[in-house]
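Colleague: So the protein sequences, as listed, match chains A and B.
For the first sequence, the positions run 1 to 377 when our numbering is used.
For the second sequence, the positions run 1 to 377 when our numbering is used.
These are calculated hints, taken from the structure and not from any lab test.
It cannot be assumed that every hint is accurate.
[Stated by the list, open to error] DMTMM-like mimics (lysine to aspartate or glutamate), calculated; alpha carbons at most 25 Å apart, straight line:
#1 A:LYS4 / B:ASP27
#2 B:LYS3 / A:ASP361
#3 A:LYS79 / B:ASP222
#4 B:LYS225 / A:ASP33
#5 B:LYS39 / B:GLU341
Number of protein chains: 2
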Amino acid sequence: MKKKWLFTPGPTPIPPEASLAMAQPIDYHRSADTVALIKDVLEKLKHVFQTENDVLFLTSSGTGGMEGAVANLLSRGDKVVVIRSGKFGERWSEICTAFGVEVIPIDVTYGNSVDPQTVGRLLTEHPDVKAVYATLCETSTGALHDIEALAGLTRVRPTLLVVDAVSALGADDLQMDNWGVDVVVSCSQKGLMTPPGLAFAALNQRAWNAIEHSDLPKYYLDYRKAYESGLEGSVPYTPAVTLLTALQCALDRICAEGIRNTIARHSRLATATRSAVKALGLPLFAVSPANTLTSIRLPTEIDGKAFLKLMLDKYGITYAGGQSQLSGKIVRIAHLGWMNENDVIVAISAFERGLAEIGYDIPLGAGVTAAQEAFAR
Amino acid sequence: MKKKWLFTPGPTPIPPEASLAMAQPIDYHRSADTVALIKDVLEKLKHVFQTENDVLFLTSSGTGGMEGAVANLLSRGDKVVVIRSGKFGERWSEICTAFGVEVIPIDVTYGNSVDPQTVGRLLTEHPDVKAVYATLCETSTGALHDIEALAGLTRVRPTLLVVDAVSALGADDLQMDNWGVDVVVSCSQKGLMTPPGLAFAALNQRAWNAIEHSDLPKYYLDYRKAYESGLEGSVPYTPAVTLLTALQCALDRICAEGIRNTIARHSRLATATRSAVKALGLPLFAVSPANTLTSIRLPTEIDGKAFLKLMLDKYGITYAGGQSQLSGKIVRIAHLGWMNENDVIVAISAFERGLAEIGYDIPLGAGVTAAQEAFAR
């Protein structure tokens with residue numbers, strides 16, 4: 001009896017009422033019902049973003065939202081600091097370079113998080129830096145960055161702090177207003193339990209002021225047009241209507257739970273998963289791991305790709321593997337979105353059984369036991 | 001007993017198997033199943049585009065695909081001809097201007113189609129024009145443009161022909177290869193009977209050659225990355241997976257019908273609708289109307305917005321109104337996508353009843369009769 005379990009850091013499983021909402025007859029994007037829908041989801045997103053700022057949305061992947069945070073804020077030749085600790089930090093850098101923005105990179109060893117002091121030193125050396133582009137959870141390594149500390153550096157300077165919270169929003173804490181983060185970008189298919197196709201951004205007044213002076217070309221990803229339309233429950237271009245209906249259902253769940261509880265739940269799931277991995281004697285890949293996902297360094301004798309294939313074929317389990325130079329070397333288990341303790345037990349139990357199956361000597365049951373003990377604490 | 005009917009030129013109704021496919025548990029976008037899905041839809045799209053060229057897709061509205069056709073093909077300061085006969089031709093112009101491209105506009109009276117001779121004259125005057133940006137069906141007016149004639153002008157010159165077939169693909173004929181069109185852009189929520197959120201582009205070798213020389217900034221909407229990934233059934237960024245599953249179902253319907261038959265069906269529905277409108281004594285707004293939708297100029301004594309509200313509230317019918325300066329002045333009835341004769345009869349019958357209801361003197365039943373006679377021919 002085949003049954004699939006998805007433990008990838010996006011797309012994440014969709015709650016059934018959200019799935020069924022998408023199967024309803026589609027509505028016109030200019031109808032009164034859709035206007036109300038857009039206003040409702042944009043209001044509820046403020047709760048998730050922990051902000052009083054308005055949130056805007058685009059019909060795109062998270063990367064479209066990231067490009068928007070470059071094209072809308074900057075001008076050609078502007079200088080920015082980009083924290084690169086994996087594939088997604090590098091993406092900030094690639095986008096900036098594509099748009100003729102000068103990048104001062106801070107390269108962090110994969111698995112590590114940036115030292116805020118390094119950022120502070122660079123900002124002092126280069127007072128003309130327009131923005132720092134950072135990542136809340138570097139999904140490719142599972143490392144969490146100390147955004148609160150970075151915001152402490154930028155909010156006392158004219159420099160903006162732009163945070164890719166694509167994978168971590170709703171899982172790792174990001175107090176946009178309390179910490180003074182200027183721009184937060186995220187998307188639908190991670191902590192928000194909605195299929196991929198929607199990107200979000202929240203900007204504070206400092207960021208909106210910067211947009212006044214930006215001369216980089218933008219049209220489809222124009223933040224101001226998306227924001228101004230959104231205030232009216234409207235859109236500049238036909239939006240992904242079915243995804244908005246699913247998002248509304250998902251946001252209802254998060255708002256009912258309360259974002260602080262949602263983050264606490266993810267913390268509980270992450271702690272249990274890490275306890276389990278340690279009990280199995282395997283090393284965590286991230287030094288400061290996020291709540292979003294747990295990255296595990298595989299023993300060199302294990303072929304990571306073959307292991308993932310076995311997990312899918314025999315156990316119906318999809319974990320994520322490593323990307324680029326980490327391919328085959330790490331396994332990433334997401335505990336993200338529509339997940340609770342039982343899901344984590346399945347993820348860990350199957351992980352143990354898979355390792356045993358390929359002949360790796362682990363104490364069967366030790367991971368599940370450690371997770372249960374963590375839940376009991 | 002409430003029942004809704006959607007006659008808007010996008011989103012269009014979704015076939016039930018496509019709706020239900022979206023409600024299935026979501027899959028990882030790097031899974032073998034999704035790789036096969038992407039390869040399958042890209043292959044089937046070639047049939048709809050009537051081309052041997054590969055088709056690429058983006059997770060965006062149609063406008064994202066249009067921006068791609070500017071940002072990927074051109075360089076700063078390039079000169080292009082843009083045919084502007086409504087909101088969507090004007091969009092080409094706005095995108096070009098946003099990217100620093102010089103626009104030579106051809107302004108066509110709303111409701112009219114461009115005279116190919118005007119385009120030919122301009123191309124002779126300006127031999128350095130890099131591309132002509134045209135629209136197959138100008139959705140804001142319902143006018144069809146003679147793309148075959150335009151292609152006759154560009155294919156003997158180094159100038160590219162880029163066609164916005166966003167609303168008309170699958171409804172109005174566009175023989176990309178036979179006519180020699182260089183770039184065709186479309187999207188999911190019109191003739192392709194899929195919810196909004198996917199854009200498509202097909203490019204011939206001339207267009208790919210032009211991409212080599214383009215220096216406009218692009219990242220998220222990079223055609224080459226989308227194309228090269230697509231060949232492997234992959235994507236540069238997380239795609240709208242649920243929309244791809246719906247698209248596959250919709251494409252199966254079109255491929256089973258055969259694109260020539262699909263277009264013939266739309267022609268039949270459009271002819272019947274136009275016959276009905278004439279029989280009711282109302283003027284068509286477009287001089288050369290498209291198969292995609294029928295635009296009707298309302299008598300000045302009718303308040304178009306109040307009429308549309310009545311139609312929705314009392315009859316559950318959504319037509320589209322006019323946009324910008326045509327607001328309240330025209331009604332647009334789409335016969336697009338998952339539509340057959342019975343749908344058109346509903347659209348016309350309700351239109352008659354609504355007009356009578358607001359006290360406009362029309363011969364009740366004349367429209368439906370004319371449509372039935374058209375079907376019988």
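Colleague: Now tell me if each hint is right for this structure.
Modeller: Each hint, compared with the structure:
1. A:LYS4 / B:ASP27: holds (9 Å)
2. B:LYS3 / A:ASP361: violated (62 Å)
3. A:LYS79 / B:ASP222: Roughly 23 Å separates the two Cα atoms, so the pair holds.
4. B:LYS225 / A:ASP33: At roughly 37 Å apart (the allowed maximum being 25 Å), ASP33 (chain A) and LYS225 (chain B) break the hint.
5. B:LYS39 / B:GLU341: violated (33 Å)
Consistency with the previously given hints fails for numbers 2, 4, 5, ordered from lowest to highest.
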